[in-house]
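*Asks:* Sequences are here, hints too, so could you generate the full structure?
Here the protein sequences come in this chain order: A and B. Numbered by numbering that gives the first Met the number 0, the letters in the first sequence go through residues 0 to 308 in order. Numbered by numbering that gives the first Met the number 0, the letters in the second sequence go through residues 0 to 308 in order.
These are calculated hints, taken from the structure and not from any lab test. One or more of the hints may lead you astray.
Below, a list of computed lysine-lysine pairs in the DSSO-like style, where the Cα atoms sit at most 30 Å apart [stated by the list, open to error]:
hint	chain 1	residue 1	chain 2	residue 2
1	B	Lys268	B	Lys301
2	B	Lys180	A	Lys195
3	A	Lys166	A	Lys217
4	B	Lys217	A	Lys301
5	B	Lys133	B	Lys74
6	B	Lys270	B	Lys166
7	A	Lys195	B	Lys117
8	B	Lys195	A	Lys133
9	A	Lys217	B	Lys241
10	A	Lys126	B	Lys195
11	A	Lys195	B	Lys195
12	B	Lys166	A	Lys166
13	A	Lys195	B	Lys270
14	B	Lys301	A	Lys217
15	B	Lys195	A	Lys233
16	A	Lys166	B	Lys217
2 protein chains.
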Amino acid sequence: MINEITIFCPATVANVACGFDVLGFCLDAIGDTMIIRKTKVKGLKIIHVEGFNLSCSLYENVAGVSALAIYEHAKPNCGFEIEIYKHIKPGSGIGSSAASAMGSVFGINVLLGHLYNKIELTNFAMKGEALASKSDHADNLAPIIYGGFTLVRNTSPLDILQIPIPKDLYVTIIHPQIEVKTSDARNILPDTISLKDAITQWGNLGSFIHALHTSDYKLMQRSLNDVIIEPHRKQYIPYFDKVKSAVLESGALGCAISGSGPSIFALSKGKTAAKKVEKTMQSVYYNTEVSYDTFVSTISSKGIHIINL
Amino acid sequence: MINEITIFCPATVANVACGFDVLGFCLDAIGDTMIIRKTKVKGLKIIHVEGFNLSCSLYENVAGVSALAIYEHAKPNCGFEIEIYKHIKPGSGIGSSAASAMGSVFGINVLLGHLYNKIELTNFAMKGEALASKSDHADNLAPIIYGGFTLVRNTSPLDILQIPIPKDLYVTIIHPQIEVKTSDARNILPDTISLKDAITQWGNLGSFIHALHTSDYKLMQRSLNDVIIEPHRKQYIPYFDKVKSAVLESGALGCAISGSGPSIFALSKGKTAAKKVEKTMQSVYYNTEVSYDTFVSTISSKGIHIINL
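*Replies:* Spelled out as structure tokens, the structure:
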């Protein structure tokens, strides 16, 4: 009888240039660690949060809110303690809240003997995500629980598709250490867009999905464009245009805002190319006032998983 | 030395519910026949057009306009005569002008010894299409020359993708014998759409492309929706809502306007299902004032082709 598990809760990239609100993929180079422990006493407790001064209150922490959702649905004859070791900075744009929201739900489900399927777990986790983003979306949650690339066709009812991962695809991320409020990033988006731009965007998304199925890297390069969201959000990210043009010149397949920013991601064919892109990103920010972190990652086919038993 | 060829120029369905202006597929049950003949005398002539009182003037017939485009580019030391036997009614919404535009271009290219590739041929044919539709698009042309399902990611420069055809996919078409002016069908479209609807549409298009790759018929059914164009254009098509709901109830995977209408297409899994859908379509129109034609077709992987030498 397992009473405690430790979980790796990976970071994720949502939107992916042409797939605003529907597309996402899972990273493996960075993620939070969570320990979930079954207790005889009923109820939930977040007993420890390390990193970034987050709240231990169940109702103010996304991991708590999502944990409550699954716990109140399952009504088990036990309780759970949660320990959170955050490595993904909240507000960095690589799915920090999604990792916490899915972590507690995934862990509790394992300790309950796998009562729920992935769609149900995503629905519980969406309750936590809603606390952070004030909106119902699953484009960061889906790649955490399914791994790889996912397309969320619909959120109500949830309809999640797993798209193939071309084997040589690598991701480079730069996180400029500035704060972009998710609410600002949402509010700046227009309610309406031109039909012409929308056609460009869905042509690109359809093409990108085809490119993932066929491992057509040149087509990925042509499709990885965002004519809808990036023109609005890039103003919050200092040196975005410089980073993007330098990164594309140094051989990346595409470069765009990760989630609602401020992190910027680039996709490359092969690790060497991704490392070169990382150096390029660093060189743009090096002589500026902005601090930054960078890393290179593969696209994780595993998603969230238990790291010891 | 071949001096004369006869060509089958297939009908096509553009837009395909979720893929406005980018997606199309090729039919095999209906198409025009064209004869292209090399002449010693330089110049082009349309010497015969059978069906639908179309003009024999090079400048007033889409086949003439596109023929001029390839002819003036190639500047060959010979001329061509064109005979057109129209079976696809102009204005029916299943690519009548595209069939004519591509037919002459394809035929002349064969008699010139295959000087041009498919992208170049599509560019020439677009000149003809522009005469009929007053806009630059290739969503009917691409499936004629490539066969199957095509996605036109971009028209300038042309970027055309071939998407796999699930083997059990059948099409049913009903053509209500009414006139919808292409200009009306264009003018009724809004210049701007809501971001929310656009997200729904690109989620569906991405999912439909994934469904074609994975032969996932249930996903095709969930994805074949048009929240952008259909609400505006359906008013031109009498009994559209009735046909659609009856057809979906009788088991079709999806049902939407073909091109800019008035033809309505439905996709089904298997020929028996497609035949049942045809009967359903007929039953809706049977007791109305509207005359109609219906047919069932596979999706042609061949596209335009020579039928004798």
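*Asks:* Decide, hint by hint, whether the structure agrees.
*Replies:* A quick look at each hint next to the structure:
With a C-alpha separation of about 20 Å, the suggested pairing of B/Lys268 with B/Lys301 holds against the 30 Å cut-off. The straight-line distance between the Cα atoms of B/Lys180 and A/Lys195 is roughly 21 Å, inside the 30 Å bound, and the hint therefore holds. Under the criterion of a C-alpha separation no larger than 30 Å, the hint pairing A/Lys166 with A/Lys217 is consistent with the structure, at around 15 Å. For a cut-off of 30 Å, the pair hint linking B/Lys217 to A/Lys301 stands: about 26 Å separates their Cα positions.
As the CA atoms of B/Lys133 and B/Lys74 are separated by approximately 26 Å, the hinted pair is consistent with the 30 Å bound. Between B/Lys270 and B/Lys166 the alpha-carbon distance is near 11 Å, which keeps this suggested pair within the 30 Å criterion. With a C-alpha separation of about 25 Å, the suggested pair A/Lys195 and B/Lys117 falls inside the 30 Å cut-off, and the hint holds. Of the supplied pair hints, the one linking B/Lys195 and A/Lys133 holds, its CA atoms being roughly 16 Å apart against a limit of 30 Å.
Restraint check for A/Lys217 and B/Lys241: the C-alpha separation of about 44 Å exceeds 30 Å, so the hint is violated. Taking the CA atoms of A/Lys126 and B/Lys195, the gap is near 21 Å; set against the 30 Å cutoff, the hint holds. Between A/Lys195 and B/Lys195, the direct Cα distance comes to roughly 15 Å. Compliance with the 30 Å bound is thereby established for this hinted pair. For the suggested pair B/Lys166 and A/Lys166, the alpha carbons sit about 28 Å apart, so the restraint of at most 30 Å is met.
Only pairs whose Cα atoms come within 30 Å are accepted, and A/Lys195 paired with B/Lys270 is rejected, the gap being roughly 36 Å. A threshold of 30 Å between alpha carbons decides the hint, and for B/Lys301 with A/Lys217 the separation of about 26 Å falls inside it, so the pair holds. Note on B/Lys195 and A/Lys233: the hinted pairing holds, with a Cα-Cα distance of about 20 Å set against a maximum of 30 Å. With a CA separation close to 28 Å, the supplied pair A/Lys166 and B/Lys217 stays within the 30 Å bound.
Hints 9 and 13 from the list above are not met by this structure, while the remaining hints are.
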